[in-house]
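Colleague: Protein chains in written order, with the working numbering: chain A, 1 to 285; chain B, 1 to 56.
The hints are simulated quantities; they were obtained by calculation from the structure and are not laboratory data.
Please note that a few of the clues may not be correct.
From the structure, some residues in chain B lie toward chain A, with a derived Cβ separation under 8 Å [to be verified]:
{"id": "1", "residue": "A23"}
{"id": "2", "residue": "C46"}
{"id": "3", "residue": "I47"}
{"id": "4", "residue": "V53"}
Ideal placement from N, C-alpha and C gives every residue a C-beta, glycine not left out.
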Amino acid sequence: MSMTTFETGVDPLCIGPFTLKSRLIAGTGKYACWDVMCEALDASGCDAVTVAVRRERLHDAEGRSLLDYLDLDRYTILPNTAGCFDAADAIRVARLGRDLLEQLGNAGAQWVKLEVLGDRTTLLPDPVGTLQACQELVADGFTVLCYSSDDPIMATRLRDAGAASVMPAGSPIGSGRGIANPAAIQIIRNLLKDPAHGGDPGYPLVVDAGVGTPSDVALAMELGADGVLLNTGIAHAKDPVAMARGMRLACEAGALGYRSGRIEKKLYASASSPWTGMINEIPGE
Amino acid sequence: MDVCSDTLEDLLGELQRNDTPCAVERNGELVPWRSRSQVRLSEGDCIEIVTMVGGG
Numbered sequence: 001m002s003m004t005t006f007e008t009g010v011d012p013l014c015i016g017p018f019t020l021k022s023r024l025i026a027g028t029g030k031y032a033c034w035d036v037m038c039e040a041l042d043a044s045g046c047d048a049v050t051v052a053v054r055r056e057r058l059h060d061a062e063g064r065s066l067l068d069y070l071d072l073d074r075y076t077i078l079p080n081t082a083g084c085f086d087a088a089d090a091i092r093v094a095r096l097g098r099d100l101l102e103q104l105g106n107a108g109a110q111w112v113k114l115e116v117l118g119d120r121t122t123l124l125p126d127p128v129g130t131l132q133a134c135q136e137l138v139a140d141g142f143t144v145l146c147y148s149s150d151d152p153i154m155a156t157r158l159r160d161a162g163a164a165s166v167m168p169a170g171s172p173i174g175s176g177r178g179i180a181n182p183a184a185i186q187i188i189r190n191l192l193k194d195p196a197h198g199g200d201p202g203y204p205l206v207v208d209a210g211v212g213t214p215s216d217v218a219l220a221m222e223l224g225a226d227g228v229l230l231n232t233g234i235a236h237a238k239d240p241v242a243m244a245r246g247m248r249l250a251c252e253a254g255a256l257g258y259r260s261g262r263i264e265k266k267l268y269a270s271a272s273s274p275w276t277g278m279i280n281e282i283p284g285e
Numbered sequence: 001m002d003v004c005s006d007t008l009e010d011l012l013g014e015l016q017r018n019d020t021p022c023a024v025e026r027n028g029e030l031v032p033w034r035s036r037s038q039v040r041l042s043e044g045d046c047i048e049i050v051t052m053v054g055g056g
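For reference, chain A alone in the conformation it holds in the complex:
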């Protein structure tokens, strides 16, 4: 089933040398089966998908693995360093991922989603290890997309270390709690993108993790994020394909909402119909 496409007016997402038509980046983990994953990725409209690097081949009952299903001509693969708890391991995994994607001739060999975790329960990033790994991977020629907490100062440190994109978590990975601290995301946006705060309007800010439902995606975009990266919110939905479609529409809706300049919030009402020419009397006037 294909969705009716229409011109959304949403510009592409540029991260380093990569230009993505969709502002949604989707993960490939946690799907009940590969066919559902393929259909959900299609419905999400994404151009880039994240993968992990592991020893196991994780075959299904027919002996097929992820690579038998992913259309490498269609998707730019974004390898992650998920599960790494120090900079050295993250760098090892990033280089292994690059070698794999070079073999496959996929443009994703140039970039990496850097995760250096501090703790297995929260999956929150270790800022010290993340910064160190970011510096080394940038020096090694990688386009680094950096998973981070929603700490505004950390975001600027990662940007200064050469990260091509800073990707603050909306809330912990897989938690589905959405944007836990919208003000923090707004401050990060200002510091990274607003010239009045030393930012660059072209610097890409991607909200990564914690997204549970389309309104979370829309909120991230309305706060001024350039994109959203998500996995569990789609993969573990009861109907991943319909949820992927919802996430796509929310991403476009939020991007348009932010770009269009919302009205100010006011305490009192402001009538949409004119007060002039009324045929009745207005109480109190």
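Model the placement of chain B on the given structure of chain A, informed by the hints.
Modeller: Coordinates of chain B only, in the frame set by chain A:
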């Protein structure tokens, strides 16, 4: 484990790992995929073989 291959490329064949793309480290160092046929194995080498799996 005991293997009879002389090079990394042969080893991947022996382990039937040539069917899906993989990346390989020898003793903690990445061996670029184009170099596998030139890398000769030594007694006690530690070989790590990875591939891509679903992830977020």
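Colleague: What are the numbers of the hints the structure violates, in ascending order?
Modeller: Hints 2 and 3 contradicted; others consistent.
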